[in-house]
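Respectively, the protein sequence lines represent chains X and H. When we follow our numbering, the leftmost residue of the first sequence carries the number 1, and every step to the right adds one. When we follow our numbering, the leftmost residue of the second sequence carries the number 302, and every step to the right adds one.
No wet-lab data here; the hints were simulated from the structure. Each hint should be verified, as a subset may be incorrect.
What the hints assert, rightly or not - The calculated label-pair distances, taken between Cβ atoms and stated as ranges, are:
no., chain 1, residue 1, chain 2, residue 2, range
1, X, P39, H, L580, 44 to 50 Å
2, H, P376, X, V291, 33 to 39 Å
3, X, E145, H, E676, 30 to 36 Å
4, X, P39, H, E523, 45 to 51 Å
5, X, G146, H, L580, 27 to 33 Å
6, X, Y292, H, E329, 52 to 58 Å
7, X, R298, H, A615, 57 to 63 Å
8, H, S579, X, F119, 35 to 41 Å
Unchecked claim - Away from chain X, derived, C-beta distances all over 12 Å, residues of chain H:
no., residue
9, V362
10, N371
11, S379
12, I399
13, P410
14, P419
15, P422
16, E443
17, I476
18, T482
19, G519
20, F629
21, Y697
22, P710
23, E715
Yeah, the Cβ is synthetic: ideal placement off N, Cα and C, and Gly gets one too.
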Amino acid sequence: MAATSRRWSPGRRKRQAWLTAGLFLLPAIALYLVFAFIPTIEVFEYSLTRWDGISPNREWVGLGNYDRLFGDRIFWEAFFNTVEWTAIIVVINVGLGVVLAAVLARKIKGRIFFQTCMFIPVIQAPITTAIIWRWMYQPNGAINEGLSAIGLGFLTTPWLGDLTTALPALAIAHSWSTLGLSIVIFLAGLQAVDDELYDAAKIDGATPIQAFWYITLPALRPVTAVVFVLTATAAFKAFDLIWGTTQGGPIRATEILATYMYKRGVLENNYGYGSAVAVALLVIVTLAMAVYLYMQARRDD
Amino acid sequence: MTKHRIGLVLAATALSGSISIAAMAQTEIEIWVGGEPGTANVYDDLAAAYMAANPDVQINVTKVGSDLFNPVLVPSLSGGEGPDVFMYGTGPGQPAAIINGGLVADLTPYYRDYGWDPLIPDSIESTTSSDGRLWAVGNEVENTAMFYNQAIFDQLGLSVPETWSDFESTVAALIEAGYETPIGLGAADRWPISHWQSMLFGRFASPAGVDEVMFGDGAWTEQAFVDASALLQEMTEEGYFGPNPVANGYAEIMDAFWAGDIPMTFTGPWIVPGAVESLGDGLADFGTFQLPPMADGQAIHPTEDIGSGFYVNANSEHLDLSADILNFFFFNDDSRLMLLNNGTIPIGSLTELLPDSTLPAITADLRAQIDSYRENGTIHAFLDTVTPASMTNVTYDGLQAIMLGVMTPEQFVEAIQAEWEIAKADGAILMPGGVADN
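Given these sequences and hints, build the entire structure.
Structure follows, in structure tokens:
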């Protein structure tokens, strides 16, 4: 009897639950430490050195790389390009994503087909996306040919060769390849919206647009935060698409922090400075996400 | 019957045993190569020839795309792994890092033992050696030239231009005939513009003028380089490269050139092996020429540089064997003939090889042009490979800016000079090379 009460005491059960949870989490924590946390710390350590990435000797420069970074005109160009790039992608993925999800949530004909079409680009390798869009954006590529064919020839332009259109054009390509995921998340969020709300709105004479505005959007606010964070972090980290199309050009019109980091770190064998760019990128992404989530939390309260 | 079976089993066992012993006795050598489609295949043939002569050696040739080379090779070398032999760039940029990091073997003893000296020209030795030691063997000599579509020229009654004025008339005639892009240039990929820059800088400054900057007290801001940059900008503005050169990629331009949509493009012989495979006899419709002098008193200086270097991994367990393979690939007459027949011009004198070669006519013709102007002095074909990587990025951005008309020639040369001075102060520029006598 005494043994039984010991076995089922609340304290022991709580400890066992913690132990079980800890055991299940241990592999994930170990993997995270080895493959994410420790490398991040190492990158920070490299950023305090002058190092070619190969030789065994690293020269300690303290915050020298960061000092140089703040005065580096190209870094700031890349920073503002990254902000513009991310803003375009977030607007498309959140704005268009929620609208398309609302449309696809309705029982329209061919809904599964359209959902599949939207999701296929998500599973493509980013470099494949780069090759497709590089071809599409050629001066005589599919987009210009298509515009000419429908009488909009005056809109044709060398999309990736023009300083003003290159970045937005690639941002659209990035959105094309990630929009499907946003739609899937929004669709999952829409499952939680009670149909009775729409029925009630219909009885009250609300139009579909009013229902979307006053029911769908507010109900999707928590999901929107998830889509925002996922989209923005993916945009900040983007590399393959730009490298596979313009390599940051023309001139530096599509140079974002990730491509600049690669050029300085890998191509110029300047791993110390490249690591400083990487740390700056990490700080910027973390701060941006923290501010957004804080504002979102305050709004929800 | 039973005896027969037992005999067969014993024989099979003995045979499989001997095969596995032979396999175990084989020494495996890993070689990583890059390059254009078609050109890299010759290394499979060379490896097969070496293995036929040395059955105890197994050579595995792996072709690695140029974009993957750095991210894959450098970490594997740093980790004490990686291939025994690998193809890599030469010059003062990344090679300096792997040399300084002690990741590549010093080939100087083999250079002396095998007697490579006579076959390595001084100009090539300077980009593959430093501190008096040889670090790489240049795989091929590359020149650039204007490739043109002979059929289009014939159709329009055009001939190879002999003066700059002729060249301007040729371009005008092509535009008038409806060729929106008379000269294909994949400026979106940036490095193809550098081929133009290298040629123009060399033409306007002469080989001595370029060397004065590279190894002396000269500066990229001198008038000759401003004039060369100005000509590139002028040609762009006048539509020589079509309406949107900065939007075009190199691969797309080459496809359009071979398809007959673009009459000319300035490139090098590395495109020939692939064209032989895809065009066959159709390649006879294409030819090459050296651009005529662009200003009074200017000579035609052919461009020349090496393609890549072959390095031996310092951590290879088979240093001697790796060096022996390099000796076989690049200093053996049969191998050099094999390279030549593939359209890859090996380093060193070809006088004795050319009569026996089946070098594609277009490459042989280009080679003859180079030789006929050689006495004027050669200039760099790829300035981007003999200047520091940090300067390369500034140059690429600047060349696109020149072509888009958002930078003046003066601003361009000032930008590259500024980066050059930083690299010079850091000791990151190419030093006069050469292998020490002892």
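Would you check whether the claim that T482 (chain H) is not at the interface survives, using Cβ distances to chain X and the 12 Å cut-off?
-> T482 (chain H) is in fact no farther than 12 Å from some Cβ atom of chain X, at 9 Å.
For G146 (chain X) and L580 (chain H), compare the CB-CB distance with the range 27 to 33 Å and indicate the outcome.
-> Holds - the Cβ-Cβ distance for G146 (chain X) and L580 (chain H), about 31 Å, lies within 27 to 33 Å.
Say whether it holds or is violated: Y697 (chain H) keeps its Cβ farther than 12 Å from all Cβ of chain X.
-> For Y697 (chain H), whose nearest Cβ neighbour in chain X is about 8 Å away, the distance does not exceed 12 Å, so it is violated.
Looking at P419 (chain H) again, its CB stays over 12 Å from all of chain X?
-> holds, 33 Å
Taking the CB of S579 (chain H) and the CB of F119 (chain X), does the distance hold inside 35 to 41 Å?
-> holds, 36 Å
Closest CB-CB distance from S379 (chain H) to chain X, is it above 12 Å?
-> violated, 6 Å
Is the gap between the beta carbons of E145 (chain X) and E676 (chain H) within 30 to 36 Å?
-> violated, 50 Å
Confirm or reject the claim that P39 (chain X) and L580 (chain H) have a C-beta distance inside 44 to 50 Å.
-> holds, 48 Å
Starting from the hint 33 to 39 Å, judge whether the C-beta atoms of P376 (chain H) and V291 (chain X) obey it.
-> Roughly 35 Å apart at Cβ, these two residues keep to the hinted range, so it holds.
Please confirm whether G519 (chain H) is truly not at the interface, meaning its C-beta sits more than 12 Å away from all C-beta atoms of chain X.
-> Holds: least Cβ distance 24 Å, greater than 12 Å.
Supplied distance hint 45 to 51 Å, evaluated on CB atoms of P39 (chain X) and E523 (chain H) = Roughly 46 Å apart at Cβ, these two residues keep to the hinted range, so it holds.
Check on E715 (chain H) being off the interface with chain X, judged by Cβ distance over 12 Å = holds, 15 Å
Violated hints, listed in ascending order, are 3, 10, 11, 12, 18 and 21; each of the other numbered hints is respected by the structure.
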